[in-house]
Amino acid sequence: GENVEQHPSTLSVQEGDSAVIKCTYSDSASNYFPWYKQELGKRPQLIIDIRSNVGEKKDQRIAVTLNKTAKHFSLHITETQPEDSAVYFCAAITFNDYKLSFGAGTTVTVRA
Amino acid sequence: NAGVTQTPKFQVLKTGQSMTLQCAQDMNHNSMYWYRQDPGMGLRLIYYSASEGTTDKGEVPNGYNVSRLNKREFSLRLESAAPSQTSVYFCASNQGLNTEAFFGQGTRLTVV
Chain A
4 GENVEQHPST
14 LSVQEGDSAV
24 IKCTYSDSAS
34 NYFPWYKQEL
44 GKRPQLIIDI
54 RSNVGEKKDQ
64 RIAVTLNKTA
74 KHFSLHITET
84 QPEDSAVYFC
94 AAITFNDYKL
104 SFGAGTTVTV
114 RA
Chain B
3 NAGVTQTPKF
13 QVLKTGQSMT
23 LQCAQDMNHN
33 SMYWYRQDPG
43 MGLRLIYYSA
53 SEGTTDKGEV
63 PNGYNVSRLN
73 KREFSLRLES
83 AAPSQTSVYF
93 CASNQGLNTE
103 AFFGQGTRLT
113 VV
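In order, the protein sequences belong to chains A and B. In case it helps, this note's numbering puts the first sequence at residues 4 to 115. In case it helps, this note's numbering puts the second sequence at residues 3 to 114.
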């Protein structure tokens, strides 16, 4: 089955700097890669996603890149703000069994 | 439009007791998932249902059973609770491949 690995587990950045989180996946049948943000005590919510036929996608200060050959994808947050402090999860879904698997999460802290 | 609703929100069980966590979605989604979230371990898939009438094991199915009662409802049962099952449980649903998954508010379960 799919195995999603996520690094780093914690990330502390100065406000205004960029944050990068990297994930790798094992199943070449995976074709959809969402990123979720979970604030303390809340449920995870989708912030951006990318499909296997796209190499990069941007939405304001966040962007995701996908390298299908290397089986890795990354989340980039630019001009970080205190409200970006949260736990971020990458995920992958395989088209042959619909299984949605998550990475272990990255706790991002933005220092004012 | 409530989205994904989980009940209960909090529960304390004694070791050996049984209980069922309920999940219902009103978005006409095909796929539903149960995850557990433990510190540092991300969201681990317990069971999922790709469509009504089907269920499959995830990463950590031992000690749990599920029922896809109909398209709306997907329940998780602990037959004999153990302290190792103390966790926050999330139900999620999506329309299928390449679509956003929506999460319930979570159930915080403590087994003493």
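For the record, the hints were derived by calculation from the structure and aren't laboratory data. Keep in mind the model is a prediction, meaning the values are calculated, not measured. C-beta atoms are modelled at their ideal positions from N, C-alpha and C, and glycine is treated no differently. Hints are supplied without guarantee of correctness; some may be wrong.
What the hints assert, rightly or not - Simulated restraints, written as ranges between beta carbons of each label pair:
id : chain 1 : residue 1 : chain 2 : residue 2 : range
1  : B       : 79        : A       : 17        : 42 to 50 Å
2  : B       : 90        : A       : 12        : 12 to 20 Å
3  : B       : 29        : A       : 63        : 38 to 46 Å
4  : A       : 10        : B       : 65        : 50 to 58 Å
5  : B       : 79        : A       : 100       : 32 to 40 Å
6  : B       : 22        : A       : 82        : 25 to 33 Å
7  : A       : 59        : B       : 65        : 20 to 28 Å
8  : A       : 19        : B       : 69        : 29 to 37 Å
9  : A       : 19        : B       : 79        : 25 to 33 Å
10 : A       : 110       : B       : 102       : 31 to 39 Å
11 : B       : 29        : A       : 82        : 41 to 49 Å
12 : A       : 70        : B       : 10        : 25 to 33 Å
13 : B       : 53        : A       : 18        : 43 to 51 Å
14 : B       : 84        : A       : 21        : 41 to 49 Å
To be verified - Within a straight-line C-alpha distance of at most 27 Å, the following computed DSSO-like cross-link-like pairs (lysine-lysine) qualify:
id : chain 1 : residue 1 : chain 2 : residue 2
15 : A       : 45        : B       : 11
16 : A       : 61        : B       : 73
17 : A       : 74        : B       : 59
18 : B       : 11        : A       : 71
19 : A       : 60        : A       : 45
20 : A       : 45        : A       : 25
21 : A       : 71        : A       : 61
22 : A       : 71        : A       : 45
23 : A       : 40        : B       : 16
Comparing the hints with the structure gives:
1. Between residue 79 of chain B and residue 17 of chain A the beta carbons are some 47 Å apart, a value that agrees with the proposed interval 42 to 50 Å.
2. Remark: the range hint 12 to 20 Å for residue 90 of chain B to residue 12 of chain A is upheld by a beta-carbon distance near 18 Å.
3. Distance hint check for residue 29 of chain B and residue 63 of chain A: the Cβ-Cβ separation is about 26 Å, which falls outside the suggested range of 38 to 46 Å.
4. Our hint of 50 to 58 Å for residue 10 of chain A and residue 65 of chain B is violated, since their Cβ atoms are close to 30 Å apart.
5. Judged by the Cβ atoms, the range 32 to 40 Å given for residue 79 of chain B and residue 100 of chain A is violated: they are separated by roughly 22 Å.
6. With their beta carbons about 46 Å apart, residue 22 of chain B and residue 82 of chain A fall outside the hinted range of 25 to 33 Å.
7. At roughly 41 Å, the beta carbons of residue 59 of chain A and residue 65 of chain B sit outside the given window of 20 to 28 Å.
8. Restraint check, residue 19 of chain A to residue 69 of chain B: a C-beta distance of roughly 50 Å breaks the suggested window 29 to 37 Å.
9. Between residue 19 of chain A and residue 79 of chain B the beta carbon distance is about 49 Å. The supplied range of 25 to 33 Å is therefore violated.
10. Checking the proposed 31 to 39 Å range against residue 110 of chain A and residue 102 of chain B shows it is violated: the Cβ atoms sit about 23 Å from each other.
11. For the hinted restraint 41 to 49 Å between residue 29 of chain B and residue 82 of chain A, the CB-CB distance of approximately 33 Å leaves it violated.
12. Our hint of 25 to 33 Å for residue 70 of chain A and residue 10 of chain B is violated, since their Cβ atoms are close to 43 Å apart.
13. Distance hint for residue 53 of chain B and residue 18 of chain A: a CB-CB separation of about 45 Å, consistent with the stated range 43 to 51 Å.
14. Take residue 84 of chain B and residue 21 of chain A: their Cβ atoms lie about 43 Å apart, and the range 41 to 49 Å holds.
15. As the CA atoms of residue 45 of chain A and residue 11 of chain B are separated by approximately 12 Å, the hinted pair is consistent with the 27 Å bound.
16. Taken as a hint, the residue 61 of chain A and residue 73 of chain B pair is broken in the structure, with Cα atoms around 34 Å apart against an allowance of 27 Å.
17. For the proposed pair residue 74 of chain A and residue 59 of chain B, the alpha carbon gap of about 24 Å is at most 27 Å, so the pair holds.
18. Note on residue 11 of chain B and residue 71 of chain A: the hinted pairing is violated, with a Cα-Cα distance of about 39 Å set against a maximum of 27 Å.
19. Our distance criterion of 27 Å between C-alpha atoms is met by residue 60 of chain A and residue 45 of chain A, whose separation comes to about 26 Å.
20. Of the pairs offered as hints, the one joining residue 45 of chain A and residue 25 of chain A holds, with about 23 Å between alpha carbons and a cut-off of 27 Å not exceeded.
21. The suggested pairing of residue 71 of chain A with residue 61 of chain A holds, with an alpha-carbon distance near 18 Å, which does not exceed 27 Å.
22. At roughly 31 Å between alpha-carbon atoms, residue 71 of chain A and residue 45 of chain A are farther apart than 27 Å, so this suggested pair is violated.
23. For a cut-off of 27 Å, the pair hint linking residue 40 of chain A to residue 16 of chain B is broken: about 33 Å separates their Cα positions.
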